[in-house]
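> Residue numbers 486 to 812, in the numbering used here, belong to the letters of the sequence shown in order.
No wet-lab data here; the hints were simulated from the structure.
Just so we're clear, the structure is a prediction, and the values are computed from it rather than from any experiment.
Mixed in with the good hints there might be a few duds.
[Stated by the list, open to error] In the BS3-like style, the derived pairs of lysine-lysine whose C-alpha atoms are separated by at most 25 Å in a straight line are:
#, residue 1, residue 2
1, LYS564, LYS527
2, LYS564, LYS583
3, LYS527, LYS510
4, LYS510, LYS564
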Amino acid sequence: MRLHQVITGSRNNGRNCLACLNFSKSFYLIYGCSRNLVILDKYLFQIQVIADAIGSDSGEICCLSCEDLSGLIAVSNGKDIAIFEPNPSKIAWGDLCKFSPGGSISALSWFPHSSKCQSPLLAIGSSLNNSDHHVSCWRLNWPTNAASNIFQQLWVFRNPDPVNYLSVSPDGRFVATLASSSNDLRVWYAIGRFSSSRQSDESQSNWLPCLLRHPEHVVSFSWRSMPRYLPPGWLPNALLTSCKDGVARVWFEDALGAHRNFPIRDDRSPNRKISSNLVNENSNEKGLLPTILFEHPVLNFYFRLWLVTYCSTVDINLLLYCLVEAL
Numbered sequence: 486m487r488l489h490q491v492i493t494g495s496r497n498n499g500r501n502c503l504a505c506l507n508f509s510k511s512f513y514l515i516y517g518c519s520r521n522l523v524i525l526d527k528y529l530f531q532i533q534v535i536a537d538a539i540g541s542d543s544g545e546i547c548c549l550s551c552e553d554l555s556g557l558i559a560v561s562n563g564k565d566i567a568i569f570e571p572n573p574s575k576i577a578w579g580d581l582c583k584f585s586p587g588g589s590i591s592a593l594s595w596f597p598h599s600s601k602c603q604s605p606l607l608a609i610g611s612s613l614n615n616s617d618h619h620v621s622c623w624r625l626n627w628p629t630n631a632a633s634n635i636f637q638q639l640w641v642f643r644n645p646d647p648v649n650y651l652s653v654s655p656d657g658r659f660v661a662t663l664a665s666s667s668n669d670l671r672v673w674y675a676i677g678r679f680s681s682s683r684q685s686d687e688s689q690s691n692w693l694p695c696l697l698r699h700p701e702h703v704v705s706f707s708w709r710s711m712p713r714y715l716p717p718g719w720l721p722n723a724l725l726t727s728c729k730d731g732v733a734r735v736w737f738e739d740a741l742g743a744h745r746n747f748p749i750r751d752d753r754s755p756n757r758k759i760s761s762n763l764v765n766e767n768s769n770e771k772g773l774l775p776t777i778l779f780e781h782p783v784l785n786f787y788f789r790l791w792l793v794t795y796c797s798t799v800d801i802n803l804l805l806y807c808l809v810e811a812l
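Using the sequences plus the hints, can you model the full thing?
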């Protein structure tokens, strides 16, 4: 091996100060250098330096995140957040807006642009004090409208540990948080994310953690990439973690989760007799369906397809069994 290239400029400490951007069929490497934001192209040539990205009287950049579809860049100095948007006429980024969500900001992560809504969503990890840590989601009203607030908070949940590292899954259904020198990686998921209704109140989202335990400190983690326009839930998420014991672990999403033992009543098909338990075929319950039929997009798709076609009770149980085993 030989030295190929030396990138000049001192990058700020921490993994949160470096990010990659795939925008408009081009790759960019972006990092914070003191209070400046440096943007490199795929050949690692410097194409732009945004001096005093957050302000001339602000501290150095502590975290940043990039959104691939819209090309937005979020930068924070621990107190304020600045958003930069790409210039369509040239390869450059300009100032879009600044806001202060409150607390000490430690990590940023964009939701995939097509996973939740048409407006960009930004996840923020922050702390109000040494024992009060939160993860919040903010919607950017973009293109900006002077008549309304640029940023709107959608939901917030409390994290027991400091949010030193934050990452949203490629389909936007999970939020992974990690504290420095921690053996546990928390993967948060929202109850009722896959609602059958077209409209849902995001401010009422209830987030629950799934704990991924490791024998020693977790060094880093990353999500498996997915096609951009694939509907959320059609492929299980995969998470790669690196531990201090020198072992890399791959975690796959369990499609069943906690929904298998929580049947609900469906009034749309009162004349069909379907068992909520795939093993018990002699159940006399009417209209009892497993929750996963309405919350998982793949199962919901096949369930709706079955409703409009002729199929016996045995056939639907066999279909559900095959789908669940396949996932």
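> Now look at each hint and say whether the structure bears it out.
Results of checking the hints against the structure:
1. LYS564 <-> LYS527: Not OK: LYS564 and LYS527 at ~31 Å, beyond 25 Å, violated.
2. LYS564 <-> LYS583: Holds, at roughly 11 Å.
3. LYS527 <-> LYS510: Given pair LYS527, LYS510 holds - Cα atoms ~11 Å apart, limit 25 Å.
4. LYS510 <-> LYS564: 33 Å, violated
Of the hints listed earlier, those the structure fails to meet are numbers 1 and 4, in rising order.
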